[in-house]
Amino acid sequence: MAKFLLLAFRNVFRNRRRTLMSLLMVGGGVAGLLLVGGFFAFMFWGLRESTIRNGLGHIQIFTAEYFRRDEVHVLDTGIENWEQVAQRVRTVDHVRGVAPRIEFYGMLSNGVKSSVFMGNAVDPHAERSMGFNPSFASGHDLNADSNGDVEALIGSGVARSMSVKIGDGLTILAVTADGALNGIDVQIVGIVNTGVKDLDDRYLRISLRSAQRLLQSDRVTNVVIGLDRTENTDTVAAALAPRLRGLPQELTMRKWIDLAAYYKQVRTLFSGIFVFLGVIVFFMVLMASVNTLLMAMFERTREIGTMLAMGTPRAWIVALFMLEAGLTGLLGAAVGLIGGNLLGMALNASGLHLPPPPGTNVPMLFKVLHVPGVMIGSTVMVMVSLALASILPAIRASRLQIAEALAHV
Amino acid sequence: MQSTDSLVSVENVSRVFAMDHSGVKALDDVSLRVDSGEFLAISGPSGSGKSTLLNLIGCIDRPTIGRIRLEGTDTTTLSAAQTTELRREKIGFVFQTFNLIPVFTAAENVEYPLLVQQINARERRMRVGAALESVGLAARASHRPDLLSGGERQRVAVARAIVHRPALVLADEPTANLDTSNATQLIDLMRDLNRSLGLTFIFSTHDQRLLEHTPRIVRLTDGRIASDDQGESHGQVLAACVS
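Chains as they are written, first to last, in numbering that gives the first Met the number 0: chain A, 0 to 408; chain B, 0 to 242.
Because the hints were derived from the structure by calculation, they are not lab data.
Beta carbons: idealized from backbone N, C-alpha and C, even for Gly.
Hints should not be assumed to be uniformly reliable.
Said to hold, decoys possible - Just the calculated beta-carbon pair ranges, DEER-fashion: (1) Asn119(B) to Ala314(A): 20 to 28 angstroms; (2) Gly149(B) to Gln400(A): 56 to 64 angstroms; (3) Phe8(A) to Ala129(B): 23 to 31 angstroms; (4) Leu146(B) to Phe365(A): 25 to 33 angstroms; (5) Asp4(B) to Ala314(A): 30 to 38 angstroms; (6) Gly135(B) to Glu403(A): 48 to 56 angstroms; (7) Phe365(A) to Asn119(B): 53 to 61 angstroms; (8) Val278(A) to Ala138(B): 49 to 57 angstroms.
Claimed, not checked - Far from chain B, some chain A residues (derived; all Cβ distances over 10 angstroms): (9) Leu34; (10) Val71; (11) Gly110; (12) Ala238; (13) Pro247; (14) Arg253; (15) Ile256; (16) Tyr261; (17) Phe282; (18) Glu302; (19) Thr305; (20) Thr311; (21) Pro312; (22) Trp315; (23) Ser349; (24) His352.
To be verified - Pulled a few chain B residues facing chain A out of the computed Cβ check, cut under 8 angstroms: (25) Phe16; (26) Asn54; (27) Val102.
Hey, can you work out the whole structure from these sequences and the hints?
Printed below as a string of structure tokens:
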């Protein structure tokens, strides 16, 4: 068997130029998939972490009612005693912080012009402790201990449309939990880029205390949990479930993946693109390899005839060709893995940035992650491709008529 | 014809090759017996059917009509797998163009028939050494075919043909690609192996140098045996072949 393997190995390098081309073709395919897959993985990772760090958190707790019906008045499906919930959450390992939130909406005005806003109210201290820091275009974050004017962060689109800057004032109007109209004046302390233009045009953030005063309610919409690592989400969710039972309100939780609709859409789209690229590479390798292996088979017709004349079983001839194809695939994959990883490292070191994706205004860092799954998957893919490519030449070689093969010139 | 005592028995064999709508008769009612230990040449002009007859005896082709027996076994009734096994164990081949595996060394080429027979490594090493020794190429064992001369390559091919101790060695025009000196050495080698090991050689040739050393010459003309000269003087044999 070792000699047979040696024969296959030496046959692979019989025509060095052709083998080099084959290895470059297979290696190029693998390297290409590694780079694309590595970049997509980085993109998924970046999108996941930015989605979580931008405020989604790892787990969110709502009342069960929140998902059963729409609010009639603001916060009427909210959590009543969120501090008690937070206390239970903090007893679970890997929990880095707990932050109550209120989602609300209303109108804001600069005295001349009015606009709709999508507001969220937070505990600035809790948000910061979990690393949920907005991306500031100018100004600073909300002051948790402010007893003076109500501070507000607004999106860069809001600032532009309302013609306001840091230090300027705005009036915000909202419907209270009782259905009445209420308003407060706020001072702008920060202008934020969310990365999503549509959100920047509507974004407003004030402190939880200010929002509860505006909305005339002690309730919060949800409680957001930040963890030490995203990978611990399932573990924490499992530990948390029993702790949420036995409270006055029926509570439910959602993991970040359940709430990150945009992330899931992006991931599905780019995974589809990656599979499509993989299929193209698969067929490129397949077609080119069939041609190469058929050429090798025709060149070795007399040699195969000799081997058959000496009593070599035809199955061995099939195995020999498949083994040669397998070795080519393995060596090509090795070339691709080494080349792809080195190229990835070079690109990472270059600090290359791509233009902002549609709907965002932040240039995208081009970074390639080394993903074992992509490495294994692309190696297996080219091996399968070459194994399939070898079937036709192998069968043709094994079916040669010995006398004709020996007379082949 | 009673054939069971012969090593090879060719009985009323014809071989017709289909060409378009007609057929070409390469062999026409040929009968021949070869005993163990013989050194037999099949001679004749190009297209007389020499290679076809060797292919049929070597079980790499089947006759259209007739029977061929090897050690009493009717090879024409065997399955493809059985003929493969028969070739593997009973027959050694030497080809006009040497047909060595170019990526193998001389020793590895000689070893190949033993690999196919799945003989263990120790036994293989021993037999390969002996075979290369017998053809005078022990010192060239690690050389690849492209580093060997034509004569050396053909001697490696002879070593490969005898290494598994076959009952019969078939050689198709073994000296056709060799110069006089190498051809003479090869003929002497084959004759020595025939005498010392009792190996049966059947070879096709129209090389007169080879015929001079051949005790039995079967001459083919147009697919039929024109003469079967046994035990005649070289002069008589040559005269018959030249005529």
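Hint check:
1. Distance hint check: the CB atoms of Asn119(B) and Ala314(A) are about 21 angstroms apart, consistent with the given range 20 to 28 angstroms.
2. For the pair Gly149(B) and Gln400(A), the beta carbons lie near 27 angstroms from each other, so the given range of 56 to 64 angstroms is not met.
3. Between Phe8(A) and Ala129(B) the beta carbons are some 28 angstroms apart, a value that agrees with the proposed interval 23 to 31 angstroms.
4. For Leu146(B) paired with Phe365(A), a C-beta distance near 52 angstroms fails the hint of 25 to 33 angstroms.
5. Between Asp4(B) and Ala314(A), the C-beta spacing of about 36 angstroms keeps the proposed range 30 to 38 angstroms intact.
6. Roughly 34 angstroms separates the CB atoms of Gly135(B) and Glu403(A), a value that falls outside the hinted 48 to 56 angstroms.
7. For Phe365(A) paired with Asn119(B), a C-beta distance near 58 angstroms keeps the hint of 53 to 61 angstroms intact.
8. Separation of Val278(A) from Ala138(B) is about 55 angstroms and conforms to the stated range, judged on CB atoms against 49 to 57 angstroms.
9. Listed as a non-interface residue, Leu34(A) keeps its Cβ farther than 10 angstroms from every Cβ of chain B; the least gap is roughly 35 angstroms.
10. Remark: the non-interface label on Val71(A) is consistent with the geometry, its nearest Cβ contact in chain B lying 83 angstroms away (cut-off 10 angstroms).
11. Even its closest Cβ contact with chain B, about 89 angstroms, leaves Gly110(A) beyond 10 angstroms, as expected for a residue assigned away from the interface.
12. With a minimum CB-CB distance of about 60 angstroms to chain B, Ala238(A) clears the 10 angstroms threshold, and the non-interface call stands.
13. Listed as outside the interface, Pro247(A) is consistent with that label: its C-beta sits roughly 80 angstroms from the nearest C-beta of chain B, beyond the 10 angstroms cut-off.
14. Chain B leaves Arg253(A) outside its interface by the beta-carbon criterion, the shortest separation being 63 angstroms against a cut-off of 10 angstroms.
15. The non-interface label for Ile256(A) is consistent with chain B: the shortest C-beta to C-beta separation is roughly 54 angstroms, beyond 10 angstroms.
16. At the 10 angstroms boundary, the C-beta of Tyr261(A) stays outside the reach of chain B, the nearest C-beta of that chain being 57 angstroms off.
17. Against chain B, the non-interface label of Phe282(A) holds: every CB pair exceeds 10 angstroms, the least being about 30 angstroms.
18. Some Cβ of chain B comes within 10 angstroms of the Cβ of Glu302(A); the nearest lies about 6 angstroms off, and the non-interface call is violated.
19. For Thr305(A), the requirement that its beta carbon stay farther than 10 angstroms from each beta carbon of chain B is not met, with the minimum near 4 angstroms.
20. The non-interface label for Thr311(A) is inconsistent with chain B: the shortest C-beta to C-beta separation is roughly 5 angstroms, within 10 angstroms.
21. With a closest Cβ-Cβ approach of about 6 angstroms to chain B, Pro312(A) is found to fall inside the 10 angstroms limit, against its non-interface label.
22. With a least CB separation of 8 angstroms from chain B, Trp315(A) falls inside the 10 angstroms interface cut-off, contrary to its annotation.
23. With a least beta-carbon separation of about 43 angstroms from chain B, Ser349(A) lies farther than 10 angstroms from that chain, consistent with its non-interface assignment.
24. His352(A), annotated as away from the interface, keeps every beta carbon of chain B farther than 10 angstroms; the closest lies near 50 angstroms.
25. Interface hint status for Phe16(B): violated, as the beta-carbon distance to the closest one in chain A is roughly 10 angstroms, over 8 angstroms.
26. A hinted interface residue such as Asn54(B) counts as satisfied when its beta carbon comes closer than 8 angstroms to some beta carbon of chain A; here the least separation is about 5 angstroms, so the hint holds.
27. Because the smallest distance between the Cβ of Val102(B) and any Cβ of chain A comes to about 4 angstroms, under 8 angstroms, the interface hint for this residue holds.
Going through the hint list in order, the structure does not satisfy hints 2, 4, 6, 18, 19, 20, 21, 22 and 25.
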